[in-house]
Each structure stands twice: as structure tokens, then as C-alpha cells.
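Student: Listed below are the residues making up each chain.
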Amino acid sequence: MGMTEKPISMDAGEPSPRWEHFPHDADMGIRGIGHSKAEAFEQAALAMTAVTLDPDKIHPHLKRSFSCEAPDDELLLVDWLNALVCEMDTHKMAFSRFHVLLNNHHMEASAWGEPVDRGRHEPAAEVKGATYTELSVHQIPNGFWVAQCVVDV
Amino acid sequence: MDLSLLTPVSEHEWHILPTGQMRVPGIVYASEDLVRDMDHKVYEQITNVATLPGIVQASYAMPDAHWGYGFPIGGVAAFDADRGGVVSAGGVGFDISCGVRALYTGLQRKDIEPVKQELADILYRNVPAGVGSTGRLHLDTKGMHAMLSGGAQWAVKQGYGRPEDLNRIEEHGCMQGALPDCVSDQAKKRQQDEMGTLGSGNHYLEIQEVVETYHVPLPQQLGIQHGDILVSIHCGSRGLGHQIGTEFLKKMVMAACHYGISLPDRELACAPIDSPLGQEYLGAMRAAINCALANRQIVTHLVRQAFADILPHADLSLMYDVSHNTCKVEEHWIENQSRRLFVHRKGATRAFGPGHPDIPPDLQTIGQPVLIGGTMGTFSYLLVGTAESMKMAYGSACHGAGRSMSRHQATRRWKGGAVIEELAREGILIRSPSRRGVAEEAPGAYKDVTAVVDAAEAAQLARKVVKMRPLICIKG
Chain L
1 MGMTEKPISM DAGEPSPRWE HFPHDADMGI RGIGHSKAEA FEQAALAMTA
51 VTLDPDKIHP HLKRSFSCEA PDDELLLVDW LNALVCEMDT HKMAFSRFHV
101 LLNNHHMEAS AWGEPVDRGR HEPAAEVKGA TYTELSVHQI PNGFWVAQCV
151 VDV
Chain W
154 MDLSLLTPVS EHEWHILPTG QMRVPGIVYA SEDLVRDMDH KVYEQITNVA
204 TLPGIVQASY AMPDAHWGYG FPIGGVAAFD ADRGGVVSAG GVGFDISCGV
254 RALYTGLQRK DIEPVKQELA DILYRNVPAG VGSTGRLHLD TKGMHAMLSG
304 GAQWAVKQGY GRPEDLNRIE EHGCMQGALP DCVSDQAKKR QQDEMGTLGS
354 GNHYLEIQEV VETYHVPLPQ QLGIQHGDIL VSIHCGSRGL GHQIGTEFLK
404 KMVMAACHYG ISLPDRELAC APIDSPLGQE YLGAMRAAIN CALANRQIVT
454 HLVRQAFADI LPHADLSLMY DVSHNTCKVE EHWIENQSRR LFVHRKGATR
504 AFGPGHPDIP PDLQTIGQPV LIGGTMGTFS YLLVGTAESM KMAYGSACHG
554 AGRSMSRHQA TRRWKGGAVI EELAREGILI RSPSRRGVAE EAPGAYKDVT
604 AVVDAAEAAQ LARKVVKMRP LICIKG
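Residue numbers (the numbering used here), protein chains in the order written: chain L, 1 to 153; chain W, 154 to 629.
If you're looking for bench data, these hints aren't it; they were derived computationally from the structure.
Each hint should be verified, as a subset may be incorrect.
Here are some of the chain L residues that sit facing chain W, going by a computed Cβ distance under 7 Å [stated by the list, open to error]:
(1) N82
(2) C86
(3) E87
(4) D89
(5) K92
(6) V116
(7) R118
(8) P123
(9) A124
(10) E126
(11) G129
(12) D152
(13) V153
Cβ coordinates follow ideal geometry from the N, Cα and C atoms, glycine included.
I would like the entire structure built from these sequences, with the hints used as guidance.
Tutor: The structure is reproduced here in C-alpha cells:
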């Protein structure tokens, strides 16, 4: 896993799931890549966490549950990310572990994290929300799934 | 942007002739260099906005236009409800009524320098900033409703600020037509501990020195002279605004088919002004404007308290408070007829010219102050709106320079600690909970705000009054 600003390679995939950032003027593109759509959603959530702080510094003590439904995968991704943003902002939480279950366009998910510790986590800019810009949930030739969008910072 | 796509009308006005689904032309106010520097996405977004139902005259872009969501940041467009016009959550954005306010202090640099470190430290302690920060005020249900209805007027009644502050805020500090019941419980929960907080990213609290004056006697008419110390506060509607933007973008996207609206871009999500959804959004958006006005009012109170501790002879009176990211109902002359329009300013500032009834009486002959923020290491500017601007883009101007590189690139090029040290050597004290945040906001990561402001003046959107340089910057 790691941060990169290169467009995702469509031909050669890494063997393990990962997250990426890609450039967008004032804000940040986030991308999750996984064996399955659900795993791509999990990695996208990690990518969003990494916009603000280092996921490796978060202790995943506390569990929160989420449920979303949308007409298609892409709107579902945005709903999932925005549900996380709302929880993070409302309760000043940071999450580093995610488990997503998808059933058609319905999603149940869990996230594990802890309250933001400004000294230890040193958070940078907060995510205001996930947008529909560069929004895509698709499968690439090597069979991996990609879930991405731009988040407003 | 490929200049061959535009028709130059003058050195600072470029037209995009209507093609395809465009109902009106696009008009860009900028120098050739700034236009050339704009991403092609800006062209796409200007032309997409021009396709929306009920749009009047043109889809406008300010000199600082850059790639946004649906609308370009620096985009202005007005819609007529009587002609099927729409209101767009994408045309307002997530940070509803993000804006800037400037305060006088009655001080000069010689007053600040002996206590600069202490002043920076107390401002940093007093004004919550950054991710995870909370305000001192917790709003219960009744308080939330009152705040969303009353805005800065509510804040003053609660003891945050002075009654005369309201004379120098758009809408006299309270946006009429706010409907707190149209704001979700989720949005209210997000906000209940965030009143009086700066936020993060490009938000800031700055102590600035006036280093240049223009168009004498304009500065004097505004009570400013060279060497004066001003305070500038840049923040918005915090979590509440963000949540409203999120929720209504989705509702409008889902409802687009029902209203027969073809969206070239989902981020242009909109609804007919006169539809239940359009009215619901307007009610919630106006409540968020009040939230932003109340938030900046509370922050002002906290800043005054800090100054009172260190520099008790300072008098921090409010010069003006401007908002970006709004949709407001305004009367404008279109082809010799007064029309009631819903004017969207996305990352653009209202800039009404002299004589406009919405400008405070004592500023009528001058024009509305326009505050353009720079970075933590570069200049900010105060301008005033012009009579010409009223005919150009509904009395609008830019709001700041956009980024020249992504946040990630900025963190690769600069380390926050080094930026802080470098700026300290230049006499600028930075206080921030996040070194990475400082790196992301490094001065070099932004375009040249002076070029943007010069273009705004050359295009006659606004006139420069003074240039300010930061001395202290509190960042989230």
C-alpha cells in the first residue's frame, strides 16, 4: 500500500489490494483497488483516511457500523464515503480498518478506529465530502476492482 | 485552456460562443496568461453550466477560475424562476457561505512587534482550528434552530460581538428565508460542537499589515492607512454546510429525471427553483449561510478577547464580511428591465458597486468591500465593487488564487517545519496543529494572487484599495 499520483495501470496489477491518491487541483482523488468490489470500497475508505492522517497511526479500538443503499455502485461508493465523513466529523473519529459487505446496491459495513488525537495523529486538512467528480467503480483487465472519486478538502 | 476555443472581446474579456446544448454564451474575465493557465476542465464546466434551464445572459468565470465540481470554482450564473430556472447545490458547493471578514485594530506594526509571539500564541489557544477541534459552545436543539434562523444577529444577541457589527455583514448578518427544518438531524449533529471554529485546509486567521495603498482617497474613505494592522478571518459553515451540500447533491441527482433535467455532469445537480426540492434546498442553504455568519461572528469575539488580553488599547471593529459559495435572490437590470434572479457564486465574491441599496449607507459612495485572500506567505487584498461590475457578472469578483499544484505534490516539495521556519525568518509567525497541513498550504503551492487581483481590476470587476501582508497566521 502506498501513495502515488500516477494513473492506475490498466494492464499490470499489483497482487495485493491497495489504495492510491491521484491529483485534482484544489482537492484530492482517492482510489481503492481490490480483489472484489467490496475490497475496493474498503481500500477507498483507507485512501480517504490517508488524506487527513496516517492510517498506520490509528489504533482500531472502537467499532462503528454503517448501512447504505443507492441505485448504482458509484452512488453507493459516494454514500459509503460520506457516511464515514459524517461519523468522523460528528464524533471526531479516525478509522483505519474497514469491512464491507455488498449485496446488489445495498451495503453493510464496519469501521474500526479511535477518537482523533491531535498530538499523535497530526491531522491535516479535513475531508468535507466525497464528490461525483472522477467517480468510477469498475473492473480492470486483471480482474481487480477499482473504486475512486475526488473528495472535497 | 486552448485560446482558440474562445473569442477575445477585450484584453480581459473572452467569450465562448454557444454551441450544442448551451443556452447562453460563456464569458471569462481574465488576462490572456490566466486564461491560458486554466485547465480545460474549466472550459467544460463553463459550457456545462450554460446548458442549465433558465440561465440568464451568460455562464461567467472569474480571473481565478479553476476546476471545481459542476461549476468551476470562480463561476457565476443566474437563473430566472419565471423561466424554469434552477437552483444547483453544485453551484453553491460544500462549504456554503465560506467567506472572509476583515477587522480594523487601530494598531500599527510597532504595536504588534513587541508582543507578536504572545499574540500568535493566545490567538492559537483561543480560536479552535484543525481536524478534531471543537468550539466552546454546544448547541442544543433550541439553540441550533435559533442559530440557523438568526445567523450573526443571533450570535450578537448571545453576547458574541457588537450590534454595529451587523451593519458590515452581507444581509445585515441574517439571511432571510432560512428554514432550519429543512436541515437534517445529521447536519445539525455535525455542527453542534463546531460553532466558533476555523476548520482546516485553506481556512485561516491572519494578522496583516497594510503595505500598499491604491486609488487615493479610497483607502482613507475606508478608514485605512499605510501601516495599519488588520485582522482577517476565513472560514465557513463547517460540518453543517458540508452535510447539506452532500445530502442535497444526492437528492438533486436522483430527482433530475423526474424534473426532465439532463445533467451533463452529476455535480451540476439542480432542481427547478419553484419545485418542492428547490425550495427545500434554498431553505437549508440559507440556514447554512446563517451558520457561517454566526461562526465568523463567534470567531471574531474570540479574537477580540485575545487582543484584549495582550493589546487592551486595540479596537477591533468590523470592516466587512463577504461570503463566497452562495445562491442569493437579487434584482438585476437585464435589457432595460429589472429581473429577480437567483445568482450562484461558486468560489466568487459579491462585489456590488457604489449606490447599491444592499451596501451599508456609509459605504454607498465607495462600493462594497471585496476581500481576496492570499496564502500564509503572500499578500491579500481589499478591493471595492464597481458600477461596471454590476453589468458584467451581476456584481461579482474573484475570491482568491487557486492552487498551482496538488496537496500531495506540495508535501513532496516542502516540509511543514521548514516552511514555518522560513516564514518566521520573513517575520511571519505560523501556528498550526499540523505540519503536513502547513506543507499542503505552502505559499508556493498557490498561483499568484496579485495576477488574479490585477486582472479583476483590469476587467473592471473591482478596484484595488490596499494590499496586506501577513504577520501572524493561524491555520487548521
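Student: For this structure, which hints from the list above don't hold up?
Tutor: 3
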